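*Asks:* Starting from the known structure of chain F, arrange chain W on it as the hints suggest.
The listed protein sequences correspond, in order, to chains F and W.
Here the first sequence is numbered in the working numbering, starting from 1 and rising by one per residue.
Here the second sequence is numbered in the working numbering, starting from 1001 and rising by one per residue.
The hints are simulated quantities; they were obtained by calculation from the structure and are not laboratory data.
Note that the coordinates shown come from a computational prediction; the quantities given were computed from them, not determined experimentally.
Don't take every hint at face value.
[Unchecked claim] Computed from the model, here is a short list of chain W residues facing chain F with C-beta under 10 Å:
(1) G1023
(2) G1024
(3) G1036
(4) C1115
(5) C1122
(6) I1139
(7) A1141
[To be verified] DSS-like cross-link-like pairs, simulated, lysine-lysine; straight-line CA separation at most 30 Å:
(8) W/K1142 / F/K318
(9) F/K212 / F/K318
(10) W/K1136 / F/K318
(11) W/K1031 / W/K1136
(12) W/K1031 / W/K1005
Each residue gets a CB set at the ideal place from its N, CA and C atoms; glycine is no exception.
Below, each chain spelled out in residue letters.
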Amino acid sequence: MTAQPYLSSSPHIRTPETTDRIMRVVIYSLLPACAVSVYFFGVAALVLLLITTLGCLATEALCQRLMGRTPTLGDGSAALTGILLALNLPPYSPWWLALLGAVIAVGIGKQAYGGLGCNPFNPALVARVVLLISFPVQMTTWYAPTPLGSGLDAVTTATPLGEMKTAVMLTGQLPAGLQSPVADYLIGNMAGSLGEISALALLLGGGWLLWKRIITWHIPVAYLGSVVLLGGAFWLVDPSRYPNPLFHLLTGGLMLGALYMATDLVTSPITGRGMLIFGFGCGLLTVIIRLFGGYPEGVSFAILLMNAATPLIDRFTKPRRFGYVRAGEGGRA
Amino acid sequence: MAEPKNLRVAIGTPLSHLIEQCGGLTGEPGKIIMGGPMMGAAQLSLEVPVIRGTSGVLLFRPGDLALVPEGPCVRCGRCVQVCPARILPTTIAAYARLELMEEAEAFGAMDCIECGCCSYSCPSAIPLVQAIRQAKGAILAKRRKL
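The shape of chain F in the complex, shown without the other chains:
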């Protein structure tokens, strides 16, 4: 025998799954939503996607070079952040807004904390909220979708949630007909940020992620379920003032948030029970902000707030170890 056999601790085999592959699968699963955004908002959507993706990759490379680390552009996490950021921006956002967002997402949201796996908050949402607070005009100028080939010009309009908030504040009543175009809301024929408009495309991608076991059912089910329950409770109390649960589900950023932003591996709890609590918290905060807050949409704030609670949730949802009776009461079974 010439070469010494390789020595290492068991196990000696491992899954073919890698972090790079997970990121790639998530990126592929966002393609339907990207396609819908390009269909409704044209080449401008594609340009925004490119700006944020390239901006995130460049920021990642620059930060890692400055910190003397090996660049890890190939792991796909920066590209994914870029795509998610674009999907969270209003269509026809100026290029500098998108680029600034990309720098904030990766520079402040991720690399400042130490890079992949160390960031407490979802980088794309950090960027979105920083932009929303710093540039409220640009970040809340919405356009009605103009499907490819329709020949329509881009017209500014309000999102369904924005329309609801204004009407409820002025008259105390929901605008008439707001809740009827369910099919439009499902396909994405409404005003909103690039990626949040089509519930159908997002469900398609999210379903694929569940099928591939990249994400588990806990967070989406807890998040969407609690929004339906809480939103539904208010709707039952006063249907003239509060919208029905289906309207909650299909409009705004809820689908994108529940399927992609809240399920971000790094910033969500690691135990199943923790994920359920996390999802419920997101749902509760979303409904409260939507119905009673100053902003028409609360998904990004809700998720960021729950991101902050994640370490606490992890601490209190340690699984009961095998062979132990009720944690805390002591004694082995």
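*Replies:* Below, chain W alone, put in the same frame as chain F:
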């Protein structure tokens, strides 16, 4: 090896004799494992003997070694999902690697059965079991001293 088979042998028989009985090697072994792929122990040479509890011998070709560079933990929770002892492998391993053995113990390092499921399923290829084993060793050594 040429023909894998089950053999009834005396304790103390060197592994090289077992290989001869199986028709010899077909190439250079990349890894020699006593036991199974998940919990077996890698060996330095084929001259080690069969001992009580040697359940099998496994040879990897050099190409079978899945040497994936380790990445950062992305908190996907897969190790937690698969752990049959229901502990938090990634948390314990992180403490163990920082030599915070008391914290590792508080999170249940001693309840680890070293089955290997967490390391197997880790997409970042973190050697979780190895780190937890080191924690267990350190904790036991400290207990003996007291």
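*Asks:* Straight-line Cα separation of W/K1136 and F/K318 no greater than 30 Å?
*Replies:* With Cα atoms ~20 Å apart, W/K1136 and F/K318 stay inside 30 Å; holds.
*Asks:* Just to be careful: measuring from the Cβ of W/C1122 to every Cβ in chain F, is the smallest value less than 10 Å?
*Replies:* holds (7 Å)
*Asks:* Below or equal to 30 Å on CA atoms is what counts here, so check W/K1031 against W/K1136.
*Replies:* holds (25 Å)
*Asks:* Going by Cβ atoms only, is W/C1115 closer than 10 Å to chain F?
*Replies:* Because about 8 Å separates W/C1115 from the closest Cβ in chain F, which is inside the 10 Å limit, the hint holds.
*Asks:* Should the interface hint for W/I1139 be scored as holding, given a Cβ-Cβ cut-off of 10 Å against chain F?
*Replies:* violated (16 Å)
*Asks:* Next pair to validate is W/K1031 with W/K1005; report whether the Cα-Cα distance is within 30 Å.
*Replies:* Distance ~19 Å between W/K1031 and W/K1005 Cα, so the pair holds.
*Asks:* Let me know if the C-beta of W/G1023 comes in closer than 10 Å to any C-beta of chain F, holds or violated.
*Replies:* violated (17 Å)
*Asks:* Was the hint right that W/G1024 lines chain F, CB cutoff 10 Å?
*Replies:* violated (13 Å)
*Asks:* Holds or violated: are the alpha carbons of W/K1142 and F/K318 at most 30 Å from each other?
*Replies:* Roughly 25 Å separates the two Cα atoms, so the pair holds.
*Asks:* Given the proposed pairing of F/K212 with F/K318, does the C-alpha separation stay at or below 30 Å?
*Replies:* holds (26 Å)
*Asks:* Using the nearest Cβ pair, does W/G1036 come within less than 10 Å of chain F?
*Replies:* The hint holds - W/G1036 has a Cβ within 10 Å of chain F, the shortest such distance being about 8 Å.
*Asks:* Interface hint check: W/A1141, Cβ to nearest Cβ on chain F, cutoff 10 Å. Holds or violated?
*Replies:* violated (18 Å)
This entry does not satisfy hints 1, 2, 6, 7, going by the numbered hints stated previously.
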